[in-house]
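Undergrad: Here's the letter readout for the chains.
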Amino acid sequence: MPLAAVNDFVIRFANVNGSGSASANEMFARAIMRMGVPVAPRNVFPSNIQGLPTWYEIRVTEAGHLGARGGTDLMVAMNPQTFAADVQSIEPDGYLVYDSTRAIPPGSLRADINVIGLPLTAMCNAEYSDPRQRQLFKNIICVGALSALLDMDFAELEKLIGEQYQGKDKLIAPNVHALHLGRDHALKNFACPIGLRLKRSDKVGNRILLEGNAAAALGAVYGGATVCAWYPITPSSSLAEGFARYCKRFRHDPDTGAARYAIVQAEDEIASIGMVIGAAWNGARAFTATSGPGISLMQEFLGFAYFAEIPAVVFDVQRAGPSTGMPTRTQQCDLINTAYASHGDTKHVLLLPEDPAEAFDFGAAAFDVADRLQTPVFVMLDLDIGMNHRLCRPLAWDDNRRYDRGKVLSAEDLEKARDFGRYMDVDGDAIGYRTYPGTHPAKGSFFTRGTSHDARARYSEAGATYVEGMQRLLRKLETAKNILPPPLRINAPAATRYGVIYYGSTAPAMTEASEILGRAGHSLDLMRVRAFPFHQDVANFIADHDAVFVVEQNRDAQLRSLIVNELNIDPVRLVPILHYDGTSITARFISGAIGGWLDTLKVTPLRKAVS
Amino acid sequence: MTYLAKPKFHHPSLPKNAIGFTRRDYEASTSTLCAGCGHDSISAAIIEACFELAIEPHRVAKISGIGCSSKTPDYFLGASHGFNSVHGRMPSVLTGANLANRDLIYLGVSGDGDSASIGLGQFAHSMRRGVNMTYIVENNGVYGLTKGQFSATADRGSKSKKGVVNTDNAIDLVAMALQLGASFVARSFSGDKGQLVPIIKAAIEHGGAALIDVISPCIAFNNHPGSTKSLDYVRAHNEAVNRLDVLLGREPITVDYAPGEVVSVTQHDGSVLRLRKLNDDYDPRDRLAAMDFLQQQAAEGQIVTGLLFIDPDAEDLHANLNTVRAPLNQLGDAALCPGSAALDKINASLR
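Chains as they are written, first to last, in the numbering used here: chain A, 1 to 611; chain B, 612 to 962.
Don't read these hints as lab results, they were simulated from the structure.
The reader is advised that the hints may include incorrect statements.
Stated by the list, open to error - The following residues of chain B were derived to be distant from chain A, with all beta-carbon distances above 10 angstroms:
# : residue
1 : Asn695
2 : Asn709
3 : Asn712
4 : Thr757
5 : Ala763
6 : Ala847
7 : Met902
8 : Pro949
Said to hold, decoys possible - In silico PhoX-like pairs for lysine-lysine, Cα to Cα no more than 25 angstroms straight-line:
#  : chain 1 : residue 1 : chain 2 : residue 2
9  : B       : Lys773    : B       : Lys758
10 : A       : Lys407    : A       : Lys347
11 : B       : Lys627    : B       : Lys804
12 : A       : Lys443    : B       : Lys627
13 : A       : Lys248    : B       : Lys956
14 : A       : Lys168    : B       : Lys956
15 : B       : Lys758    : B       : Lys770
16 : B       : Lys956    : A       : Lys203
17 : B       : Lys888    : B       : Lys804
18 : A       : Lys159    : A       : Lys199
19 : A       : Lys443    : A       : Lys407
20 : A       : Lys416    : A       : Lys481
21 : A       : Lys159    : B       : Lys956
22 : A       : Lys416    : A       : Lys443
23 : A       : Lys188    : A       : Lys199
What the hints assert, rightly or not - Some chain A residues close to chain B (C-beta under 8 angstroms, calculated; not the full set):
#  : residue
24 : Ile208
25 : Leu409
26 : His440
27 : Phe447
These numbers come from a predicted model, not from an experiment.
Beta carbons are placed, not taken as given, at the ideal position from N, Cα and C, and that holds for glycine.
If we strip away everything but chain A, and leave its shape as in the complex, we get (with noise of 0.2 angstroms):
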């Protein structure tokens, strides 16, 4: 029986990249939004511009399960380098898509799938003469074959060209005509639609379609940056260009056309930090975006930062290390690193968005947050959450929302003020007050640095000195926790003994793990951490719990080394949950891994087993 189902299906294209088949996949993906169903689209994509294996899958789902699912019910195979590999891929009694104008060589078929060849190159050298053309038309003809095989609305491809070309209008026609070509061959050929269906629904509601990447970028633009720099690094590269891009349209004076705003290329991501402290300390709000080998070269001025307590804002898009390891695969493996960067005691703020709509946010919030506690704050974002558009919910900002600068003390506040100290900690909240450069002609100015100093920003080797303001940069953290995001917790229908805390790009399929566990009789409360130092609450959770999975996305269990180590608990009690082999993380393996694990477990209690 040929696989079946509606709204429910995983479909993956393996193409060659540079090959232009990006932007005909995200319009399908799209064009599947448009009809009501949700879609989980996903880049697998190689460190390479040209010539390289590259997948592009979709989860359709209904359900809105938007974590990745894993295997492939219906196989676009426009790869022959890849080509066997796909095929043996496919769930039983799945599809091949593939171009059938060359034969498939003998023995690379499946009995146990179902065929569908496509003459795609012989219908673009019949229609084309340019060879460019070719290969662009020919992705545009498998879409249009597509919508017949699972039964799209022809109009919405229709209504996503016009759109994609709006401004370059003579390029509408020939894209439409491409589409009607692979449409009326497949409408001609066969039985449409096969057991893969699509069929109009409304559970997308007002969510929208984004990378997070993207997303963070614009976080970053609400938030008032004016100074990025950055060095680029795969996979954040295109958080900055996203700056650039949102800055051109929002940050230009409309009298004179100058920017309200500073990106520099760095020449290092040194150098790019070091212009982020020094932007910072000058009052601007700034920010770089880089990945873990950026991290690693920036620690010195990290624990500067923290040390002489300067504002930066970090955002960190993970990708799998060490090393360079696999710089276009998804790990979240620079936890400890961000956490504790630098030499001597440090301990930083990190941010631990979800999806595209809370890098909006957390993006936002983290130059207030930076500056309110004067301090670096890293956002970490993901290669899964920034460079795969993902559906959320749709960003929102609050026209009376003002910036928190924090304690900045202008030229008029210095006139009033009896005493002014940098590091004091005059409010008891162990931040102390700071003034930007030129301020005051005679009050207010102090000397950063970061060798050991009192509260006046003297030099100091004291003993005394030094702890005082070692056990103020805690104190500091202690106000931190308050004013981080909280952990949210989601309790099971019934009471539990178990939990899981979770963070970042595993919530889509952690969410899914959970029903699916539920519905095996394994009941679970949920705790996604969104930010370091931890809430409270996090704690509280453990305590309710005899015991927590915390399941991420790297080899050593990096999220529960920080918890065991900040809020002093027993190992023991904290089962390690790891996915670290850079595809992202799916629910089959989560509730996969727990099931398994309460299964071992599950010890009927006695007083059921005698009665």
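Following the hints, put chain B in place on chain A, whose structure we already have.
TA: For chain B alone, coordinates are given in the frame of chain A:
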């Protein structure tokens, strides 16, 4: 150095500058460097230059790296904000600070270890970006704080205090700055205040990246025979190409110069630089000729000093980035936040 702090009060007849400040208003903490250190002379020259230019001290941001030289911002302009950053990274901190507020005067202080070794990359990139700053390298060819290792500006063949001969070639920051597009390049000597003060004044008035490489002998570790950065050696090999007078727009020209002896350069801010030629063939407005002349003199073992190159019409990083006239750190919510209506439009485009 002196262990006696100067008394706070001072004689009422101390000379005052155009804004009513005395030299004492430009001083700061007592130096902790060795007695006779060239760096202290440079601090004194900075104080003198700022006094003569009648700069309000709080409008200066002084930024440094790590090393003996980088400690000096604590010893001048006590009413200015200072930033003693990490080793070799002063240029990036200064660049960021400059981006945040284009209206302040940025004084970067560094040494040869800081700028030519660990920070060579940041030195180079700040020059090529044209950051509006006065970048002073207090160059003694040696690591003082760690007790006498060679730095990257030590000449090949020069001898350390322990008798080790340097076999590595020297990095010439002046030559690099010229090649990288710095629009004001000078070299001076800590022992020649008459030359150094006007150069610092001109650099502060300059509207782009200004490098001053100041040979500053290390009394403790690099002032012995065999060193090419000792007081005696520098005095013997100093080849000054010009002497400089800086005339601010408001000052009447009182000095008469014989025609042909003087090159007059007007900078963007209206300040006039009058260069008395000591070498007839030297034109500091010709970058290529300057590079050529410097290489030839270096080959002959001469240390060329003076204002070596100036582009009076230089533009800076802010001009390249077309930033608004107002300092970025003073833009308010309304100028920065696009608001909810714009966000709604973005949301609509993502459905």
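Undergrad: Would you mind marking each hint as holding or not holding in the structure?
TA: Here is what the structure says about each hint:
no. : hint                : result
1   : Asn695              : violated, 4 angstroms
2   : Asn709              : violated, 8 angstroms
3   : Asn712              : violated, 5 angstroms
4   : Thr757              : holds, 16 angstroms
5   : Ala763              : holds, 18 angstroms
6   : Ala847              : holds, 38 angstroms
7   : Met902              : holds, 23 angstroms
8   : Pro949              : violated, 4 angstroms
9   : B:Lys773 - B:Lys758 : holds, 11 angstroms
10  : A:Lys407 - A:Lys347 : holds, 21 angstroms
11  : B:Lys627 - B:Lys804 : holds, 20 angstroms
12  : A:Lys443 - B:Lys627 : holds, 21 angstroms
13  : A:Lys248 - B:Lys956 : holds, 16 angstroms
14  : A:Lys168 - B:Lys956 : holds, 21 angstroms
15  : B:Lys758 - B:Lys770 : holds, 15 angstroms
16  : B:Lys956 - A:Lys203 : holds, 21 angstroms
17  : B:Lys888 - B:Lys804 : holds, 18 angstroms
18  : A:Lys159 - A:Lys199 : holds, 18 angstroms
19  : A:Lys443 - A:Lys407 : holds, 16 angstroms
20  : A:Lys416 - A:Lys481 : violated, 32 angstroms
21  : A:Lys159 - B:Lys956 : holds, 18 angstroms
22  : A:Lys416 - A:Lys443 : holds, 11 angstroms
23  : A:Lys188 - A:Lys199 : holds, 21 angstroms
24  : Ile208              : holds, 4 angstroms
25  : Leu409              : violated, 13 angstroms
26  : His440              : holds, 6 angstroms
27  : Phe447              : holds, 4 angstroms
Going down the numbered hints, you'll see the structure goes against 1, 2, 3, 8, 20 and 25, while the others check out.
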